[in-house]
Structures are given as structure tokens and as C-alpha cells.
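S.K.: Chains as they are written, first to last, in my numbering: chain Z, 1 to 132; chain P, 1 to 142.
Hint data in this document are derived by calculation from the structure and do not stem from the laboratory. Errors might be hidden in some of the hints.
In silico DSSO-like pairs for lysine-lysine, Cα to Cα no more than 30 angstroms straight-line [claimed, not checked]:
#1 P/K97 with P/K67
#2 Z/K67 with P/K133
#3 Z/K126 with Z/K75
#4 Z/K11 with P/K78
#5 P/K112 with Z/K75
#6 Z/K75 with P/K78
#7 Z/K125 with Z/K102
#8 P/K67 with P/K78
#9 P/K97 with P/K136
#10 P/K78 with P/K136
#11 Z/K126 with Z/K102
#12 Z/K67 with Z/K125
#13 Z/K125 with Z/K75
#14 P/K67 with P/K140
#15 Z/K67 with P/K67
#16 P/K133 with Z/K75
#17 P/K133 with Z/K11
#18 Z/K102 with P/K136
#19 P/K112 with P/K97
#20 P/K112 with P/K133
#21 P/K140 with P/K112
#22 Z/K126 with P/K112
This one's a predicted model, so the numbers in the text were calculated from it and none came from an experiment.
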Amino acid sequence: MTNDVTHTADKTPAETPETTTGRRIYGPLTDIVETADGVTLMLEMPGVAAEDVDITLENRALTIRGKVHAAQPEKLQLAYAEYGEGDFERAFTMSDDFDPDKIGAQVSNGVLTLTLPRAAEAKPKKITVTAS
Amino acid sequence: MLYPTYTRRSDPFALMRSMLRDFDRVSPSRLAQPVFPAVNVWQGDEAVAITAELPGVDPADIDISVKENVLTLSGERKAPEMPEGARWHRNERGFGKFVRSVRLPFVAADDKVEARMTNGVLRIVIGRPEEDKPRKIAIKAA
């Protein structure tokens with residue numbers, strides 16, 4: 001028997017005002033990748049179903065919210081906890097060349113993947129220099 | 001470790017701070033990699049359940065095994081495939097293989113273990129064997 005406490009990765013609380021119910025809101029861990037067509041975001045939101053995700057893009061602010069369904073097994077009591085359960089929320093400031101109508105969103109295995117294509121006119125145009 | 005004495009003469013505490021930072025980096029609590037996944041354990045008269053958040057892990061890549069009273073959870077978090085020339089702005093998620101073992105309060109029978117994965121949350125319910133269930137003891141009137 002040891003007194004060592006298992007050290008697990010902490011979920012980061014979101015920087016939002018507190019909730020009325022006292023439930024925690026977590027900021028989902030995010031990977032952001034810039035591709036040739038635009039930007040891809042991958043957010044870890046375990047316990048959030050596809051229909052419970054809410055995404056808005058307004059005035060360059062991309063806000064992602066996810067409601068979690070509590071995973072309490074029936075007739076059992078929590079005996080030991082290493083992670084907390086709570087809704088997810090996170091906001092990013094984007095550049096203004098994204099079209100809100102063209103955002104693609106997909107949830108699989110608790111990861112939300114967002115694809116934001118850049119507007120066509122904003123894509124960098126390559127200028128070829130011709131030798132005279 | 002090298003501590004230059006000539007830089008930042010105007011700040012007498014700079015050296016002290018840099019030493020503290022180094023100390024912080026090698027202290028055991030920082031060295032230890034966080035364990036993945038974090039688990040919650042639920043208990044009841046009929047069963048014990050373990051829940052774990054495994055976002056981004058395909059249920060086919062998770063291996064659950066029970067040997068006597070130890071339940072082992074292993075698998076791999078695969079990094080997403082990105083097209084050539086992709087530039088990463090942020091990488092907060094972790095990837096790679098993981099193993100986690102949990103000791104159960106009883107020896108589990110293989111046919112009483114049930115695992116289900118919904119939206120990246122894994123739930124394993126282990127039924128308590130009959131001989132381990134709490135027995136009610138009736139009090140006889142004298």
C-alpha cells in the first residue's frame with residue numbers, strides 16, 4: 001500500500017463566468033491546424049453527442065459549446081474520482097475571412113472536428129515574376 | 001547547469017529565479033508524466049463500474065482485460081492524419097499508447113464484465129459475484 005496519489009492530466013476549467021447550478025465548465029483541449037483550404041480545429045469533448053454541440057461565428061468570435069450527458073451508472077455511487085464532469089465551452093478569435101455558412105462540423109468518439117474554409121478571394125494569390 | 005553571472009546585472013534576483021525554475025523542472029512531481037486515462041470508480045451492492053474519458057480513441061483500438069481482481073485498460077490514441085503542408089498552430093491533445101490498471105475489490109468473473117463506449121466515454125460495469133455480495137443478517141428475537 002502506498003500513499004502516492006495518481007497524477008492524471010487535469011481538465012482545464014473554461015474562463016467563463018460561473019454557472020448558477022455550480023456545475024463546472026471545462027475548456028476542451030484543442031488542436032488547430034492550418035491547411036491549404038483553411039483551418040481545422042479538433043476539440044476533445046468526451047460525453048457530448050453531435051446534437052448537443054452549439055457553434056457560432058459572429059464578429060470574428062468562434063464559440064463552441066457542448067452539453068455533457070452525465071455518465072452515472074444507475075444504482076451506483078461514486079467511490080473515487082480522477083476527473084470531473086461538466087459542459088464544455090471555448091471561444092477563439094478568428095481572422096475575418098471565414099464564411100459562417102461554410103463551416104463543417106463533425107463529432108466522432110467525443111472529438112469535434114471543425115473545418116473552416118477561407119473565403120476564395122482571401123486565398124493568397126501567387127504572383128509569378130517573368131524575366132524580361 | 002550553467003548560470004551566467006554577467007547577464008542582467010540590474011536584476012539581482014534573476015539568477016535566483018532561474019535556479020528556482022530549474023529546480024521546479026526536475027522536481028519529481030513535474031517529472032512524472034500524467035497518467036492517461038483518468039478514471040472514475042463507482043460502487044454499489046450489485047456491481048462496480050469504471051468510467052474513463054477517451055476522446056478520439058476508436059473503440060476497436062481499446063483492449064480491456066481482467067485477470068483475477070485487476071482490470072487493465074490499454075490502447076492507442078492515434079494522431080489525426082493531416083494533408084501535406086499542414087501547419088500546426090496549437091497542439092494541446094496528447095497521442096500515443098496507454099496502459100492503465102485498476103484493482104477491483106473482488107475477483108471478477110469474465111461473463112460479468114460489460115463495456116460500452118458512448119461519445120468518447122468508456123463505461124465498464126463489473127458484476128459482483130454472488131459469494132461477494134453483502135448478506136443480510138436477520139436478528140432473532142430472544
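S.K.: For each hint, tell me whether it holds in the structure or not.
M.R.: Going down the list of hints, with the structure as the test:
1. Our distance criterion of 30 angstroms between C-alpha atoms is met by P/K97 and P/K67, whose separation comes to about 21 angstroms.
2. The straight-line distance between the Cα atoms of Z/K67 and P/K133 is roughly 36 angstroms, outside the 30 angstroms bound, and the hint therefore fails.
3. The suggested pairing of Z/K126 with Z/K75 is violated, with an alpha-carbon distance near 64 angstroms, which exceeds 30 angstroms.
4. With a CA separation close to 20 angstroms, the supplied pair Z/K11 and P/K78 stays within the 30 angstroms bound.
5. For the suggested pair P/K112 and Z/K75, the alpha carbons sit about 17 angstroms apart, so the restraint of at most 30 angstroms is met.
6. The hinted pair formed by Z/K75 and P/K78 fails the criterion: a straight-line CA distance of about 35 angstroms is larger than 30 angstroms.
7. Of the supplied pair hints, the one linking Z/K125 and Z/K102 holds, its CA atoms being roughly 21 angstroms apart against a limit of 30 angstroms.
8. The straight-line distance between the Cα atoms of P/K67 and P/K78 is roughly 27 angstroms, inside the 30 angstroms bound, and the hint therefore holds.
9. About 45 angstroms separates the Cα atoms of P/K97 and P/K136, which puts this hinted pair outside 30 angstroms; it is violated.
10. Of the pairs offered as hints, the one joining P/K78 and P/K136 is violated, with about 49 angstroms between alpha carbons and a cut-off of 30 angstroms exceeded.
11. As the CA atoms of Z/K126 and Z/K102 are separated by approximately 24 angstroms, the hinted pair is consistent with the 30 angstroms bound.
12. A hinted pair counts as satisfied when its Cα atoms are at most 30 angstroms apart, and Z/K67 with Z/K125 does not qualify at roughly 41 angstroms.
13. With a C-alpha separation of about 62 angstroms, the suggested pair Z/K125 and Z/K75 falls outside the 30 angstroms cut-off, and the hint is violated.
14. With a CA separation close to 41 angstroms, the supplied pair P/K67 and P/K140 exceeds the 30 angstroms bound.
15. Proposed proximity of Z/K67 and P/K67 is contradicted: the alpha carbons are some 36 angstroms apart, above 30 angstroms.
16. Straight-line distance between C-alpha atoms of P/K133 and Z/K75 comes to about 15 angstroms, which keeps the hinted pair within the 30 angstroms bound.
17. Restraint check: the Cα-Cα separation between P/K133 and Z/K11 comes to about 35 angstroms, which exceeds 30 angstroms; the hinted pair is violated.
18. Our distance criterion of 30 angstroms between C-alpha atoms is broken by Z/K102 and P/K136, whose separation comes to about 63 angstroms.
19. Using a Cα cut-off of 30 angstroms, the hinted pair P/K112 and P/K97 holds, with the two alpha carbons roughly 27 angstroms apart.
20. Distance check on the hinted pair: P/K112 and P/K133 sit about 14 angstroms apart at the alpha-carbon level, within 30 angstroms; holds.
21. For the proposed pair P/K140 and P/K112, the alpha carbon gap of about 35 angstroms is over 30 angstroms, so the pair is violated.
22. Taking the CA atoms of Z/K126 and P/K112, the gap is about 63 angstroms. The hint is violated against a cut of 30 angstroms.
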